[in-house]
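Q: These are the residues of each chain, in order.
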Amino acid sequence: MKNVELFVGLKVADNTALTAFHALQRLGFMNLVSLRRFHYYSFFIGGDEQAFKKDIVKVDVLVNSNKNTSTFGLAKVPQSGNTRSVLVQESGDSCSGILKTLQGGLGIKGLQKMERGILWVLGFSDGTKDPDKDAGAIAKCLLYSPHYQRAVIQN
Amino acid sequence: MKKVAIILFPGSNCEEESKRACESAGLVSDIIRWNEPKRCRAYDAFILPGGWSYEDRIRAGAIASHEGVMDAIKEESGKGKPVLGICNGAQILVESGLVPGNLSEQGKFQVELALAPNHNPFVSGYYCTWVNIKKASAKKTPFTSLVDDVFPIPIAHGEGRFVSSDASLLKKLEESGQAIFKYCTKQGSVIDEFPVNPNGSGNAIAAICNKTGTVMAMMPHPERASWMRQVPGMSSQGERAGPGRKIFESLREYLK
Chain A
1 MKNVELFVGL KVADNTALTA FHALQRLGFM NLVSLRRFHY YSFFIGGDEQ
51 AFKKDIVKVD VLVNSNKNTS TFGLAKVPQS GNTRSVLVQE SGDSCSGILK
101 TLQGGLGIKG LQKMERGILW VLGFSDGTKD PDKDAGAIAK CLLYSPHYQR
151 AVIQN
Chain B
1001 MKKVAIILFP GSNCEEESKR ACESAGLVSD IIRWNEPKRC RAYDAFILPG
1051 GWSYEDRIRA GAIASHEGVM DAIKEESGKG KPVLGICNGA QILVESGLVP
1101 GNLSEQGKFQ VELALAPNHN PFVSGYYCTW VNIKKASAKK TPFTSLVDDV
1151 FPIPIAHGEG RFVSSDASLL KKLEESGQAI FKYCTKQGSV IDEFPVNPNG
1201 SGNAIAAICN KTGTVMAMMP HPERASWMRQ VPGMSSQGER AGPGRKIFES
1251 LREYLK
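The listed protein sequences correspond, in order, to chains A and B.
Position 55 of the first sequence, counted from 1, bears residue number 55 in this note's numbering, the numbering being contiguous throughout.
Add 1000 to the 1-based position in the second sequence for this note's numbering, that's all there is to it.
By construction, these hints were calculated from the structure, which means they are not laboratory data.
Any given hint could turn out to be false.
Derived lysine-lysine pairs resembling DSS-like cross-links, with alpha carbons at most 27 Å apart [as the list claims (entries may be wrong)]:
#, chain 1, residue 1, chain 2, residue 2
1, A, Lys140, B, Lys1186
2, B, Lys1171, B, Lys1186
3, B, Lys1140, A, Lys140
What follows is a list of derived Cβ distance ranges for each label pair [stated by the list, open to error]:
#, chain 1, residue 1, chain 2, residue 2, range
4, A, Gly107, B, Ala1241, 49 to 59 Å
5, B, Lys1108, A, Gly73, 31 to 41 Å
6, A, Val59, B, Ser1168, 36 to 46 Å
7, B, Ser1124, A, Gln112, 13 to 23 Å
8, A, Asp132, B, Lys1256, 35 to 45 Å
Backbone N, C-alpha and C fix where the C-beta goes; we use that ideal spot for every residue, glycine too.
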């Protein structure tokens, strides 16, 4: 079984990310200089990976090409300078409905399992001494609830 | 004359209904904007109404819980002033730690609960229906002295499932009498399954209060059951008081 990760962003202004950014600045995280948000999907597939990638961005359920950007793999998510990523996912199954839709009505071939979440990309000012620590504090403060979600910080 | 402040956040949409329900119960109330924390301190009780504060961005209630007005409400609630959070208001109270209201060693409210996305076998996301709730605790609160044991009430939310990372917390809250209302059948039987429990809330809990009972987070909407004409099958009784009004009448009696 192969794993394909898809990151979906917005071409237009992301109001949720902007609201979170301003809230975090008000909360004192002044070294946070940018905050971007991507919907994250992790697919477990059998069969042809390239054909799957082509189909999954075409079905308009996860990606609307008029307003969304789509990237396969975290390494290709645009990041610059002093950034950290926080991946927030719900504990337990949160995507059985969308999985059924993709497998059934939309006929995506080879899709066996999927997970989803939100990837936050935090940009810190150059003088930030410990961005890992600050990313952890920001995640705990606002970006996830430990009561039903988990967060992983990535460099 | 004791007065109630109904706190309006950007995205609240039940402030007028809540005000009408207060007035129908004989309470004097004003709608106070979230950016007027100093003004709200003059009031004797607070209602955080339903809606979608900040469009439920990140999580329902997450942004509003960090607003300055919540610091003012935390301080005023510390003086014993009642605070009722309805639906989105409940989510704000939970996200701010005012419910269940335990303090850390540093004296800060700990966020020990969450209102997670519904678990519903048929409907993903927002779910709106009438349910029945019952008083599940003998604890005295400013909001429950006059309410019936079992009554119908509407819910309308996508994130209404009380959960905690501490597996024993909900049980502890039940034992301490802080689980004030539970979802039940018309006859009052608590069944922890859909459709009686409409959102998969832990132990079928619909409302939780703090230790003293003065701060209560409830997911159902009492202001939408304040006239019998609003209650399904009861519309012929028109303007008579509905079961939800008793929440507000209890508050009126408490403030006397």
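Q: Which of the stated hints cannot be reconciled with the structure, identified by number in ascending sequence?
A: 1, 3 and 8
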